[in-house]
Amino acid sequence: MIAVTMPGRPIGGAFPETAQAGSSADLALLTSLRARDPQAYERLVREQTGRLLSVARRLLRNDDDARDAVQEAFLSAFRAIDRFEGASRLSTWLHRIVVNVCLMRLRSRNRGAAEEGLDDLLPSFSSNGHHATAITDWSQDAHAALEQQETRALVRRAIDALPESYRTALILRDIEELDTAEVATMLGITPNAAKVRVHRARQALRTLLDREFRGARSS
Amino acid sequence: MTCREVADFVGDYVSGDLPDATRRRFDWHLVTCRNCRRYLATYRATIAAGRTAFARPDADADGMVPEELIRAILAAQPPSPGA
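In the order they appear, the protein sequences are chains A and B. Per the numbering used here, the first sequence starts with residue 1, numbered consecutively. Per the numbering used here, the second sequence starts with residue 1001, numbered consecutively.
So here's chain A without its partners, still in its complex pose (with noise of 0.2 Å):
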């Protein structure tokens, strides 16, 4: 059996399940599922797989790791399903599972790899606390830009410019929008960490976007 775990729990059977109760519509396809009815394996394959696919490339931005990482996500979720108690949706649950199937391959691709600290994309500050320079309010300007492919393209690479812890728990919190909760445990560290790791991100995205922007605004 595959060893999907989350630090300290087992994925698929003791996974939590926070999120809004399943519907009945959940319940007759899991009453399926249990059954081991095939076509109803194949109706929740064909739906749920381009959907987690798109987690997948998100986190781990390589397509092949991504499809490896969906297969053994409903490899587990099999396995796993008549511990699925049907406390939230079936979706939601197969979500958190590739979600932490992708994150046991991010640890194990960056095992032992240096990651660079984002302190020169922090806000800075004068001695007496005030910021260090003018602030440009760009905001209205990027809601307009983001109609533009482009500038979505944009704004992706910038997060993918973040180094790689940061970038994670960004794209956990505001992208896959679990609560802060969830983070942190996805992530094994204290609810805290997991929101100082966000605060973080975001503040270096926004210095990011703020090259960007501010330099669109005055030419």
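Hints in this document: simulated from the structure, not taken from any laboratory. Treat the hints with care, since some could be wrong.
[As the list claims (entries may be wrong)] Quick list of the computed label-pair ranges, beta carbon to beta carbon:
no., chain 1, residue 1, chain 2, residue 2, range
1, B, ARG1024, A, GLU47, 46 to 54 Å
2, B, ALA1076, A, ASN62, 15 to 23 Å
3, B, THR1002, A, ASP119, 17 to 25 Å
4, A, HIS130, B, ALA1021, 17 to 25 Å
5, A, GLY86, B, THR1032, 47 to 55 Å
6, B, ALA1076, A, ASP160, 41 to 49 Å
7, A, SER24, B, ASP1027, 42 to 50 Å
8, B, ASP1027, A, GLU115, 34 to 42 Å
9, A, LEU27, B, ALA1075, 22 to 30 Å
10, A, ARG211, B, ALA1075, 41 to 49 Å
We put the CB at the ideal spot given by N, CA and C, even for glycine.
Go by the hints and put chain B onto chain A.
Below, chain B without anything else, positioned relative to chain A:
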């Protein structure tokens, strides 16, 4: 409250997690500091930009679900009851 403290607290501020007394000091600082109002606006815009950047189909350049992946997943038979 200083601008440095505002920058430290801004994440909790946007998520509504600041204690009331701290939030009142934060709000008062915003009234008096244009730089921090702008910092808050761009911090919020940064969160929104991340969400928008991944929310559109172009975020997933290989958006099509490969049929061979679906077949590979289906081929990995789940264990039978009691297996």
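Hint-by-hint comparison with the structure:
The beta-carbon spacing between B:ARG1024 and A:GLU47, approximately 48 Å, falls within the hinted interval of 46 to 54 Å. For the hinted restraint 15 to 23 Å between B:ALA1076 and A:ASN62, the CB-CB distance of approximately 21 Å keeps it satisfied. At roughly 19 Å, the beta-carbon separation of B:THR1002 and A:ASP119 lies within the given 17 to 25 Å, and the hint holds. Here the CB-CB span from A:HIS130 to B:ALA1021 is close to 22 Å, well matched to the stated 17 to 25 Å.
Checked against the hint of 47 to 55 Å, the pair A:GLY86 and B:THR1032 passes, with Cβ atoms roughly 52 Å apart. Separated by about 31 Å at the C-beta atoms, B:ALA1076 and A:ASP160 break the suggested range of 41 to 49 Å. For A:SER24 and B:ASP1027, the hinted distance range of 42 to 50 Å is satisfied, since their beta carbons lie about 45 Å from each other. B:ASP1027 and A:GLU115 have their C-beta atoms about 36 Å apart, which keeps the hinted 34 to 42 Å range intact.
Against the hinted window of 22 to 30 Å, the Cβ-Cβ separation of A:LEU27 and B:ALA1075 comes to about 27 Å, which satisfies the hint. The beta-carbon spacing between A:ARG211 and B:ALA1075, approximately 48 Å, falls within the hinted interval of 41 to 49 Å.
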